[in-house]
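2 protein chains.
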Amino acid sequence: MEVTDVRYRVEVSKLIPFAAEILTKYGEDPEDAAITAEALAEADICGVRSHGFVRFGQYINRVKQGSLAVKTPVSIISESRNTALLDGHNGFGFVVCQKALEIARAKAEKSNIAFVSVKNSNHFGAAGIWASRLAGRDMVAFVGTNAEPIVSAPGGLGRAIGSNPFSWAAPAGKYGQLCLDISAGAMAQGKIWEYRRLNKPFPPHCWLGPDGVETTDPFYTDFAEFIMMPFGGHKGFGLAVMMEVFTSLLSGGPLDAEIPSLARDMDKQQHLTQFFCAISVETFRPLAEFVGDSERLIEYLHSLPVKEGAAPVMYPGEPEFISRRAALKDGLLIPETVVRELNELAESVGVAGAAQIFDQRLEMS
Amino acid sequence: MEVTDVRYRVEVSKLIPFAAEILTKYGEDPEDAAITAEALAEADICGVRSHGFVRFGQYINRVKQGSLAVKTPVSIISESRNTALLDGHNGFGFVVCQKALEIARAKAEKSNIAFVSVKNSNHFGAAGIWASRLAGRDMVAFVGTNAEPIVSAPGGLGRAIGSNPFSWAAPAGKYGQLCLDISAGAMAQGKIWEYRRLNKPFPPHCWLGPDGVETTDPFYTDFAEFIMMPFGGHKGFGLAVMMEVFTSLLSGGPLDAEIPSLARDMDKQQHLTQFFCAISVETFRPLAEFVGDSERLIEYLHSLPVKEGAAPVMYPGEPEFISRRAALKDGLLIPETVVRELNELAESVGVAGAAQIFDQRLEMS
Numbered sequence: 001m002e003v004t005d006v007r008y009r010v011e012v013s014k015l016i017p018f019a020a021e022i023l024t025k026y027g028e029d030p031e032d033a034a035i036t037a038e039a040l041a042e043a044d045i046c047g048v049r050s051h052g053f054v055r056f057g058q059y060i061n062r063v064k065q066g067s068l069a070v071k072t073p074v075s076i077i078s079e080s081r082n083t084a085l086l087d088g089h090n091g092f093g094f095v096v097c098q099k100a101l102e103i104a105r106a107k108a109e110k111s112n113i114a115f116v117s118v119k120n121s122n123h124f125g126a127a128g129i130w131a132s133r134l135a136g137r138d139m140v141a142f143v144g145t146n147a148e149p150i151v152s153a154p155g156g157l158g159r160a161i162g163s164n165p166f167s168w169a170a171p172a173g174k175y176g177q178l179c180l181d182i183s184a185g186a187m188a189q190g191k192i193w194e195y196r197r198l199n200k201p202f203p204p205h206c207w208l209g210p211d212g213v214e215t216t217d218p219f220y221t222d223f224a225e226f227i228m229m230p231f232g233g234h235k236g237f238g239l240a241v242m243m244e245v246f247t248s249l250l251s252g253g254p255l256d257a258e259i260p261s262l263a264r265d266m267d268k269q270q271h272l273t274q275f276f277c278a279i280s281v282e283t284f285r286p287l288a289e290f291v292g293d294s295e296r297l298i299e300y301l302h303s304l305p306v307k308e309g310a311a312p313v314m315y316p317g318e319p320e321f322i323s324r325r326a327a328l329k330d331g332l333l334i335p336e337t338v339v340r341e342l343n344e345l346a347e348s349v350g351v352a353g354a355a356q357i358f359d360q361r362l363e364m365s
Numbered sequence: 001m002e003v004t005d006v007r008y009r010v011e012v013s014k015l016i017p018f019a020a021e022i023l024t025k026y027g028e029d030p031e032d033a034a035i036t037a038e039a040l041a042e043a044d045i046c047g048v049r050s051h052g053f054v055r056f057g058q059y060i061n062r063v064k065q066g067s068l069a070v071k072t073p074v075s076i077i078s079e080s081r082n083t084a085l086l087d088g089h090n091g092f093g094f095v096v097c098q099k100a101l102e103i104a105r106a107k108a109e110k111s112n113i114a115f116v117s118v119k120n121s122n123h124f125g126a127a128g129i130w131a132s133r134l135a136g137r138d139m140v141a142f143v144g145t146n147a148e149p150i151v152s153a154p155g156g157l158g159r160a161i162g163s164n165p166f167s168w169a170a171p172a173g174k175y176g177q178l179c180l181d182i183s184a185g186a187m188a189q190g191k192i193w194e195y196r197r198l199n200k201p202f203p204p205h206c207w208l209g210p211d212g213v214e215t216t217d218p219f220y221t222d223f224a225e226f227i228m229m230p231f232g233g234h235k236g237f238g239l240a241v242m243m244e245v246f247t248s249l250l251s252g253g254p255l256d257a258e259i260p261s262l263a264r265d266m267d268k269q270q271h272l273t274q275f276f277c278a279i280s281v282e283t284f285r286p287l288a289e290f291v292g293d294s295e296r297l298i299e300y301l302h303s304l305p306v307k308e309g310a311a312p313v314m315y316p317g318e319p320e321f322i323s324r325r326a327a328l329k330d331g332l333l334i335p336e337t338v339v340r341e342l343n344e345l346a347e348s349v350g351v352a353g354a355a356q357i358f359d360q361r362l363e364m365s
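Line by line, the protein sequences give chains P and X. Residue 265 in this note's numbering sits at position 265 of the first sequence; the count goes up by one each step and never skips. Residue 107 in this note's numbering sits at position 107 of the second sequence; the count goes up by one each step and never skips.
No wet-lab data here; the hints were simulated from the structure. Remember, it's a predicted structure, so these values are computed and weren't measured experimentally. Glycine included, C-beta positions come from ideal geometry on N, C-alpha and C. Treat the hints loosely; a few may be bogus.
Heads up, simulated DSSO-like pairs for lysine-lysine below, C-alpha to C-alpha not over 27 Å straight-line [to be verified]:
#1 P:Lys191 <-> X:Lys307
#2 P:Lys110 <-> X:Lys110
#3 P:Lys25 <-> P:Lys71
#4 X:Lys25 <-> X:Lys268
#5 P:Lys14 <-> P:Lys329
#6 P:Lys14 <-> P:Lys64
#7 X:Lys191 <-> P:Lys307
#8 X:Lys200 <-> X:Lys307
#9 X:Lys25 <-> X:Lys71
With beta-carbon atoms standing in for the labels, derived distance ranges [what the hints assert, rightly or not]:
#10 X:Phe223 <-> P:Arg196: 42 to 48 Å
#11 X:Asp330 <-> P:Gly158: 32 to 38 Å
#12 X:Ala263 <-> P:Glu299: 24 to 30 Å
Covered stretches of chain P, as calculated for chain X (at least 3 residues, CB under 8 Å) [to be verified]:
#13 80-90
#14 247-254
If we strip away everything but chain P, and leave its shape as in the complex, we get:
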């Protein structure tokens, strides 16, 4: 069944305060609400729509169910000149992570390299957004999170480990940043809808059914019941396991296996853990030289010959760079379902202005 893809064109500068106002009505502090809305918008701006406003309703639902605290009184459990361990007290992941990022940058500016660990946190959206912010124009960043189990082990029958995304980022002058954001799954969950819409089989080695049997049939089971296979077999699986070292093991939070489901266990706290590592480039060499080499690396990648009909080689972060440029110029394209949800949430707490923000309805081909 092919359905029409309807979206609304929205100006970023209008969407953020609108979403922040809704969050404030639900009880989030205005400053924290702005941080949350900005991080969600940033994901949409970069084209990482699976981690943008499509998640908004889920967060609000968790607040309503009491599994996500609407206030985020971040506290510092321990710290040194170049490290810190923060407690997010089960508040918004965006808020504790923004604080962790600022501390990591400040410490790396003074002490070359810093590592900030976060516990009792929640979903922080897209890892790449955080690594990109942490790196800014002068640092190399390494950011990661743990998550509920969704990825199978090689040869395994069920959910074994989180998709545990991590991201590396570095400044790249006129090309923005080199920024890689990857999770351990062979295919993102959101893509299941695409294969269903086109009635197309999955490529092999992407999904297991709930019975542990590998399948290429996008209708094999309920959307939420598919089990992700790791990309690259033991390599992807190993990356996810090792992310536990940097997240749960260093911070002392629960293991992936002990984390309830974000979407299915709406009333249960997740207690996620994250980390923010920053390395000041100038510690090693002049920034201009580093950036010159980043640009040189990117230009080399762009010069590589490709197969007839293949897309040119892109650098990690280039799709996001292109998407960001378009979004800031032409606005965001938000799916109708998300707009409807935002409107309902706004109405339910008496936030006005939705009609003015979502006034450009588009039917995509």
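Dock chain X against the given chain P, drawing on the hints supplied.
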């Protein structure tokens, strides 16, 4: 054509001084020769045979050709409380990396987290050996290297980027360590021989021919002409590109694309770059708690159900842990070709004792 696999059983404690003596005769300082021989033995002990004594002749050849300096006068270009940039002066990678590792550990012990960068280095063997040593019993380690281009870009026709292996390691009590060592290639080059021996096609998406055409035929081209495809498409490729940030870009060494081939350009210096990042666990939480959780994570992985006939789930580093236990108990199994090369090199510089070391010839089934 199936050939008999002949190996010699060798005691590690005899092999290391024998190999070190050969290196010393070629001009390496005795202490540095011991470091080199130990690192090669360590790879064989851990079952990473592609980075063990099979490489010995290649290193000696480079010394003879003048592209690898037999003395390694490591110097410190710059340093701070928790960082350093070392110059390997084109000596043995093992020697400059051992120095870098010791500096990184010492700095992390005093300053929680340390990052040591290395330039003008050479091949350092297996990344996992270094991360494992750096982590020891009390640190989390992150180690990586750049390398000559051998991996293709997604959709690309030729060699684009190095396989750029990196490794993460952490202490895991009675299970040794959690240790992941991965490169960007879908299949290790050494495995081509195995597919040829068994006359078996490659799995898809592993190799391109020199013409840029994907092939599953292990006889499609000369061994050295195959071009590795990245594992996981843009994910594996992206990991390799980002390794350039941590290696060449931070240290100021050449990009992968500028590095001559280890095996084919024997007379050309490689100027590789590496890094050693260590995080002291106690900075964040008591070591015993961290190790308890490492063990708990491993026991969870071991408890996972698998498909009928599938091997049990292993933790990253477990194959190496098992191989190490066997090698230290029963000795190493070194292929006949490698033994022959070692014997010839020993004879050519008047090192005796080969007959006593390689006295157990075995025909493997």
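Against the structure, the hints come out as follows:
Of the pairs offered as hints, the one joining Lys191 (chain P) and Lys307 (chain X) holds, with about 26 Å between alpha carbons and a cut-off of 27 Å not exceeded. For the hint pairing Lys110 (chain P) with Lys110 (chain X), the CA-to-CA distance comes to about 17 Å; that is within 27 Å, so the pair holds. Between Lys25 (chain P) and Lys71 (chain P) the CA atoms are separated by roughly 12 Å; this keeps the pair inside 27 Å, and the hint holds. Proximity of Lys25 (chain X) to Lys268 (chain X) is assessed by CA-CA distance (about 23 Å); at most 27 Å being required, the pair is judged to hold.
For the given pair, Lys14 (chain P) sits about 14 Å from Lys329 (chain P) by alpha-carbon distance, which is consistent with the 27 Å threshold. Taking the CA atoms of Lys14 (chain P) and Lys64 (chain P), the gap is about 25 Å. The hint holds against a cut of 27 Å. This hinted pair checks out: Lys191 (chain X) and Lys307 (chain P) have alpha carbons roughly 26 Å apart, not beyond 27 Å. Restraint check: the Cα-Cα separation between Lys200 (chain X) and Lys307 (chain X) comes to about 25 Å, which is no more than 27 Å; the hinted pair holds.
As the CA atoms of Lys25 (chain X) and Lys71 (chain X) are separated by approximately 12 Å, the hinted pair is consistent with the 27 Å bound. Range check, Phe223 (chain X) to Arg196 (chain P): about 44 Å between beta-carbon atoms, so the 42 to 48 Å window is met. Evaluation of the 32 to 38 Å hint for Asp330 (chain X) and Gly158 (chain P) yields a pass: the beta carbon distance comes to about 36 Å. Roughly 28 Å separates the CB atoms of Ala263 (chain X) and Glu299 (chain P), a value that falls within the hinted 24 to 30 Å.
By the rule of at least three residues with a Cβ nearer than 8 Å to a Cβ of chain X, the coverage given for the stretch 80-90 of chain P holds, with 5 such residues. Here's how the stretch 247-254 of chain P fares: 5 of its residues keep a CB closer than 8 Å to some CB of chain X, so the rule of at least three is met and the hint holds.
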